[in-house]
Amino acid sequence: MRQSQLFTRTQKNAPADEVAMNAQLLIRAGFIHKEMAGVYAYMPMGLRVLENIKKIVREEMNGVGGQEVMMTTLQPKEIWEKTDRWDDAKVDNWFKTKLVNGTELGVGLTHEEPIVDAISNYLSSYKDMPFSVYQIQNKFRNEKRAKSGLLRGREFLMKDMYTFSRNQREHEQEYEKIVAAYHRVYDRLGLGEITYRTYADGGIFTPRFSDEFQTLTEVGEDTIYVDEKKRVAINEEILSDENLEKLGLKKEDLVQKKGVEVGNTFHLESKYTDALDLYYNDENGEKQSIIMGCYGIGVSRLMGVVAELFADEKGLVWPENIAPYSVHLLNLGQDEEAEKIYNDLTSKGIEVLFDDREASAGEKFADSDLIGIPTRLVVSKKSLAAGGIEVKKRSESESSIVTVNEFLAQIG
RNA sequence: CGGGGCGUGGUGUCAACGGUAGCACGAGUGAUUUGGGAUCAUUUAGACAGGGUUCGAAUCCCUGCGCCCCGACCA
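Residue numbers are given in this note's numbering: position 313 of the first sequence equals residue 313, and the series is strictly consecutive.
Check before you lean on any hint, since a few could be wrong.
Subject to a maximum C-alpha distance of 30 angstroms in a straight line, what follows is the list of computed DSSO-like cross-link-like pairs (lysine-lysine) [stated by the list, open to error]:
| no. | residue 1 | residue 2 |
| --- | --- | --- |
| 1 | Lys90 | Lys271 |
| 2 | Lys90 | Lys127 |
| 3 | Lys392 | Lys55 |
| 4 | Lys257 | Lys271 |
| 5 | Lys54 | Lys96 |
| 6 | Lys77 | Lys96 |
| 7 | Lys96 | Lys177 |
| 8 | Lys348 | Lys257 |
Bear in mind the hints are in silico, worked out from the structure with no lab data behind them. It should be emphasised that the depicted structure is a prediction, and the values quoted were computed from it without experimental measurement.
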């Protein structure tokens, strides 16, 4: 991509109404556009990052047998009444709307009911299970207070998965498989070390604890207590002597931390399937309840977390596997050579952002640091005199001079 | 939803006593520049909305809307 063609541009100043580091940097770098409080649009480079995160999530969900679907945002009231979740007194952050004829509709904030409703057309036998479906889709929640940039929005991208099992034992196996996949997602995003499986409240529809995945950061809004040795944590919400004992945790092993919830998994038992009248026939032809689990990952929130954590005073520092481009090529007045290198790299399938603008060297360097592409290549009189192009990692301060072929061999 | 703060070009601005809306960045044009947001010239573009007070309102008052922060909330 030629930077001269890119319609977004960088800004020196962050808008005064953004305090959150993630939003400030992403806006300054031209990755996102604020539509209103808690609602952000993704510009070309921001979308590329988001798509890269989706790709990782998708690969891991497919890896544990998830089948991808896309449910609808508009929801009929009836199915939600069956599970007693339509009432604003029960779920207060719904966006609701109406058809011209007055029929009430819900705007999707989660999809247990519609998923169960949809698969009831297909699922009827013990032979059909276990199985799981997931989607990656915008969710809408009427948060009383949106805040912290991408970390808590009213419209946000979420991966939600649902499993259907024949019995509790089978459900537990499915559940742990997915938890393992969640850890792989966070590992691949470079967050593995600081992301803890955290026991939390299961919500009003399940008596059991749920598992949250909390990434440690001071900007997090959850307070959790971490057992570093066991690599687990407990949310402050459920911290009690009784619960600690139940979970086999000791007070003296716990350290208080702040975390951002980047995922959450729930045991739903058969609350939703029973309520929506979805059962299966077992080997003996007897009607049985279906055990369900649901599993969320905040995809856009993850982008915010990565932007927040992987940054320095100059700007963003994207991990290699989700960066909008892998190489940022800067041309400092050496058009002919730079064009040739750009062509060489792109013909090898390398994703390059090529700064071919007529701008000063300082501006190009500053923009490159702000945008945060992992590898910076500079073609200049100086680099050519030294024998090639200058390579520098965004995360490091030293640079070196290599030839194009050496670089291609390195990156290949 | 309770409390607090704030709305000035695209962005920023503890810039302007109730009396000519200024500066910087950006963007356009021309020139000179090319290793850390370079320089010069020139152009562009602004008071959240509605009402009130006043000879006169960006400035004071009211209402609405929007934004941010703290808290509560967050199946």
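| query | Which of the listed hints are broken here? | reply | Hint check: 2, 4, 7 and 8 fail, others pass.
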